[in-house]
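Trainee: So the protein sequences, as listed, match chains R and U.
Sequence positions in the first sequence follow our numbering and run 1 to 371.
Sequence positions in the second sequence follow our numbering and run 1 to 371.
Calculated from the structure, these hints are not laboratory results.
No experiment lies behind these values; they were computed from the predicted model shown.
Be aware that a few hints might be false.
Just so you know, same-sequence chains aren't split out, so a pair can sit in one copy or run between any two.
[Claimed, not checked] Below 30 Å or equal to it, Euclidean Cα-Cα: the simulated DSS-like pairs (lysine-lysine) are:
#, residue 1, residue 2
1, Lys296, Lys94
2, Lys134, Lys227
3, Lys94, Lys205
4, Lys211, Lys134
5, Lys96, Lys227
6, Lys134, Lys205
7, Lys227, Lys336
8, Lys87, Lys211
9, Lys296, Lys275
10, Lys205, Lys227
11, Lys227, Lys87
12, Lys336, Lys96
13, Lys211, Lys96
14, Lys205, Lys87
15, Lys211, Lys94
16, Lys205, Lys96
17, Lys336, Lys296
18, Lys96, Lys134
There are 2 protein chains.
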Amino acid sequence: MGVADSKPPRSTAGSGRIVISVDAMGGDRGPAAVIGGCAMSASKNPDIGFILHGRRDELEPLLARRAQLRERCEIRDAEGVVTMDAKPSHVMRKGKDTSMWSAIEAVRSGEAQACVSCGNTGALMAVSMVRLRKLDGVNRPAIACLWPSRNPSGFNMMLDVGADVRADEDDLLQYALMGASYARNGLGLESPRVGLLNVGTEEHKGRAELKVANEMLDQRQSLGGYKYVGFVEGGDIPSDRVDVIVTDGFTGNVALKTGEGTAGLIRDFLGEAFKATPLSRIAALLAMTSLRRLSKRIDPRRVNGGVFLGLNGTVVKSHGSADATGVSAAIKLAFKLAQSGFNQRLAERLASAALPGNDPASREAGNGNIE
Amino acid sequence: MGVADSKPPRSTAGSGRIVISVDAMGGDRGPAAVIGGCAMSASKNPDIGFILHGRRDELEPLLARRAQLRERCEIRDAEGVVTMDAKPSHVMRKGKDTSMWSAIEAVRSGEAQACVSCGNTGALMAVSMVRLRKLDGVNRPAIACLWPSRNPSGFNMMLDVGADVRADEDDLLQYALMGASYARNGLGLESPRVGLLNVGTEEHKGRAELKVANEMLDQRQSLGGYKYVGFVEGGDIPSDRVDVIVTDGFTGNVALKTGEGTAGLIRDFLGEAFKATPLSRIAALLAMTSLRRLSKRIDPRRVNGGVFLGLNGTVVKSHGSADATGVSAAIKLAFKLAQSGFNQRLAERLASAALPGNDPASREAGNGNIE
Numbered sequence: 001m002g003v004a005d006s007k008p009p010r011s012t013a014g015s016g017r018i019v020i021s022v023d024a025m026g027g028d029r030g031p032a033a034v035i036g037g038c039a040m041s042a043s044k045n046p047d048i049g050f051i052l053h054g055r056r057d058e059l060e061p062l063l064a065r066r067a068q069l070r071e072r073c074e075i076r077d078a079e080g081v082v083t084m085d086a087k088p089s090h091v092m093r094k095g096k097d098t099s100m101w102s103a104i105e106a107v108r109s110g111e112a113q114a115c116v117s118c119g120n121t122g123a124l125m126a127v128s129m130v131r132l133r134k135l136d137g138v139n140r141p142a143i144a145c146l147w148p149s150r151n152p153s154g155f156n157m158m159l160d161v162g163a164d165v166r167a168d169e170d171d172l173l174q175y176a177l178m179g180a181s182y183a184r185n186g187l188g189l190e191s192p193r194v195g196l197l198n199v200g201t202e203e204h205k206g207r208a209e210l211k212v213a214n215e216m217l218d219q220r221q222s223l224g225g226y227k228y229v230g231f232v233e234g235g236d237i238p239s240d241r242v243d244v245i246v247t248d249g250f251t252g253n254v255a256l257k258t259g260e261g262t263a264g265l266i267r268d269f270l271g272e273a274f275k276a277t278p279l280s281r282i283a284a285l286l287a288m289t290s291l292r293r294l295s296k297r298i299d300p301r302r303v304n305g306g307v308f309l310g311l312n313g314t315v316v317k318s319h320g321s322a323d324a325t326g327v328s329a330a331i332k333l334a335f336k337l338a339q340s341g342f343n344q345r346l347a348e349r350l351a352s353a354a355l356p357g358n359d360p361a362s363r364e365a366g367n368g369n370i371e
Numbered sequence: 001m002g003v004a005d006s007k008p009p010r011s012t013a014g015s016g017r018i019v020i021s022v023d024a025m026g027g028d029r030g031p032a033a034v035i036g037g038c039a040m041s042a043s044k045n046p047d048i049g050f051i052l053h054g055r056r057d058e059l060e061p062l063l064a065r066r067a068q069l070r071e072r073c074e075i076r077d078a079e080g081v082v083t084m085d086a087k088p089s090h091v092m093r094k095g096k097d098t099s100m101w102s103a104i105e106a107v108r109s110g111e112a113q114a115c116v117s118c119g120n121t122g123a124l125m126a127v128s129m130v131r132l133r134k135l136d137g138v139n140r141p142a143i144a145c146l147w148p149s150r151n152p153s154g155f156n157m158m159l160d161v162g163a164d165v166r167a168d169e170d171d172l173l174q175y176a177l178m179g180a181s182y183a184r185n186g187l188g189l190e191s192p193r194v195g196l197l198n199v200g201t202e203e204h205k206g207r208a209e210l211k212v213a214n215e216m217l218d219q220r221q222s223l224g225g226y227k228y229v230g231f232v233e234g235g236d237i238p239s240d241r242v243d244v245i246v247t248d249g250f251t252g253n254v255a256l257k258t259g260e261g262t263a264g265l266i267r268d269f270l271g272e273a274f275k276a277t278p279l280s281r282i283a284a285l286l287a288m289t290s291l292r293r294l295s296k297r298i299d300p301r302r303v304n305g306g307v308f309l310g311l312n313g314t315v316v317k318s319h320g321s322a323d324a325t326g327v328s329a330a331i332k333l334a335f336k337l338a339q340s341g342f343n344q345r346l347a348e349r350l351a352s353a354a355l356p357g358n359d360p361a362s363r364e365a366g367n368g369n370i371e
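Work out the full structure: start from the sequences and follow the hints.
Mentor: So, in structure tokens, the structure goes:
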């Protein structure tokens, strides 16, 4: 307790590097997977440093054999762990001694440029809101995730996928602005195509707030620097019709998990199909290279990392069940966003959007992309 | 116009058979696909007859070469066609001359035991509500669909997938009762496991009405003849944790289409993977039998047919883009439900559920299943 009240000591993990603050304790697989992910990232990226938050006596042994990581990483001892079933409101009141809180705190103090956690999403968002605060003009922050698609980049992006179960028309417009900005910087799309998720593409369909938002998103295309394609359906999420899918956090979360679940089901069925007969076993051997490429295209670990949008600081939520590869993907995403100064650009975009007539889209797009 | 006001002539399609009333005009592929589906069903099932609704001059030529179907089918001329973008309220007021209206009317009059349409879902539900009326005690009818899963039967069922964009706690409880009854009769499960779709499995998560419904579904387990497993997430939809997934029509529709879209994406990627190299092309040949079996397991045409629950009559909504195989699957489903007297059982179940203490679950389960 008390971490929040005194300025933490200057991190030794930096030395000119971009420092990622990592909650080492939150995931389903424990600190070994998280530290494995950090080690993978450290070996690939010489410009990255870490502050690891968690129980020192558990983390020290895991670092002992990882010299490359050890020298670019600082451990910050935190006794408490936020469990997956902890209530966000409880963590907000009583969670100051947790690794999650400590990880967010290092972003707030400026010691780290981004935070990564595999922990409880609701608690992570709650602590982020309390400590980092919302960007000016943002009502509800959102979580954006990437999604395998038929687009040339291989991805679409969807938000909100779980920050808040509600969203009114104003929130949906902000999601469009934030999502478009992330797509410009994160996917390298000068004028991203934005769609609003609904149960049909006709204008009279869906809930009342969607009909209002449909008009608002249409009117703000120029201001927001995006192209509005209108309503899209669940089937369009993996399509090449759209780059940014806007929806409320309840629907987005169900869609995300349904997509993951369906992909998992097919992957398992495919595995069974290849084991079914001797001939199919030979076939699996022959097709191995191609199947590995397929597997990589739809591997959820590759797109691991929900980005919290709308806060004064970059927070990446890794999947709770992420292994080292998944954690490393989330760290890579956090690094890229920190390196590009994305959050500063987003703040400017939102400030500009509040002033009708000011259109900074061309300026931002000309600034180079983070990929 | 005027079909609704005068009793239609006695159908000649019956002669001891179960008669399915088919809207021949509504689908994306036009009447050829629908009549192709009817012909497939007629050749497999000697106990089925049809009343086909649509433009006689278009339907007659399509029947000319299908002698087996022709002799068990009656055409009922209807000039109007409900388009996919028609407003349900407009069809309700002005749609009396349409093939869809006429198809529902044949169920209402008792000439047919079930109706199948590939047309506009909203309009089909609206016309069904107006002409067939809701079952006693039902507030919002629902659409239930089957879903490929890891369950021994190969399927789960979800409702509502698009009858209404809203559902309060009372509606969700009714969906549970209706879904459990359908699963008992349609999937042959004596005590189906029911889950409530949410963004987490913890009891404090989700929208307010879900927390209330969570308690209500738990309390009615014995009365409804189901086992309540609590909250489930999108990833559980294709799992073996649950048989009946209860949700509102907005979320259910998005989940359904997201699942279909994801399966389509992977199927396309898989096809590309097998064409990538000469070796993978050989592999595809060797694995063909196994891959066909896989393809069949996840083929959306196999599970084609959303059933409208909560009406005085059985209506099956086929996918708008269904080909002959898909239409035939929907007809098969309609036939099975009509044969089992499912709708009568559902009405009894809902009437009993209104009387606390009366538990007809054992009686219904002992009555034999339709599969």
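Trainee: Hint by hint, say whether it matches the structure.
Mentor: Hints and how they fare:
Proximity of lysine 296 to lysine 94 under the C-alpha cut-off of 30 Å is found in neither arrangement, the shortest distances being 41 Å within a copy and 52 Å between copies. In the homo-oligomer, the alpha carbons of lysine 134 and lysine 227 lie at most 30 Å apart inside one protomer (26 Å), although the nearest pairing across protomers, at 43 Å, exceeds that limit. Taking CA atoms no more than 30 Å apart as the test, lysine 94 paired with lysine 205 passes between copies only; the shortest distance there is 19 Å, against 44 Å inside one copy. For the identical chains of this complex, lysine 211 and lysine 134 are neighbours both inside a copy (27 Å) and across copies (28 Å), given an alpha-carbon limit of 30 Å.
Taking CA atoms no more than 30 Å apart as the test, lysine 96 paired with lysine 227 passes in neither setting, with 43 Å inside one copy and 40 Å between copies. When the C-alpha separation of lysine 134 and lysine 205 is checked against a cutoff of 30 Å, the pair qualifies only between copies, where the shortest distance is 22 Å, while the shortest distance within a copy is 32 Å. For the identical chains of this complex, lysine 227 and lysine 336 are intra-copy neighbours only, at 25 Å inside a copy versus 48 Å across copies, given an alpha-carbon limit of 30 Å. Proximity of lysine 87 to lysine 211 under the C-alpha cut-off of 30 Å is restricted to the inter-copy arrangement: shortest distance 15 Å between copies versus 34 Å within a copy.
Taking the shortest Cα distances, lysine 296 and lysine 275 sit within 30 Å of each other both inside one copy (20 Å) and across copies (16 Å). Taking the shortest Cα distances, lysine 205 and lysine 227 sit within 30 Å of each other inside one copy (21 Å), while across copies they are farther apart (35 Å). Proximity of lysine 227 to lysine 87 under the C-alpha cut-off of 30 Å is restricted to the inter-copy arrangement: shortest distance 27 Å between copies versus 39 Å within a copy. For a Cα distance limit of 30 Å, the shortest separation of lysine 336 from lysine 96 inside one copy, 28 Å, qualifies, whereas the shortest one across copies, 60 Å, does not.
Within a single copy, lysine 211 and lysine 96 get their C-alpha atoms only as close as 42 Å, which misses the 30 Å cut-off; across copies the closest is 29 Å, which meets it. Proximity of lysine 205 and lysine 87 under a CA criterion of 30 Å is satisfied inter-copy only: 9 Å between copies versus 36 Å inside one chain copy. Taking CA atoms no more than 30 Å apart as the test, lysine 211 paired with lysine 94 passes between copies only; the shortest distance there is 24 Å, against 41 Å inside one copy. Taking the shortest alpha-carbon separations for lysine 205 and lysine 96, only the inter-copy value of 22 Å comes in at or below 30 Å, while the best intra-copy value is 46 Å.
With identical chains, the CA atoms of lysine 336 and lysine 296 are at most 30 Å apart within one copy only, with a shortest distance of 21 Å there and 42 Å across copies. When the C-alpha separation of lysine 96 and lysine 134 is checked against a cutoff of 30 Å, the pair qualifies only within one copy, where the shortest distance is 19 Å, while the shortest distance between copies is 54 Å.
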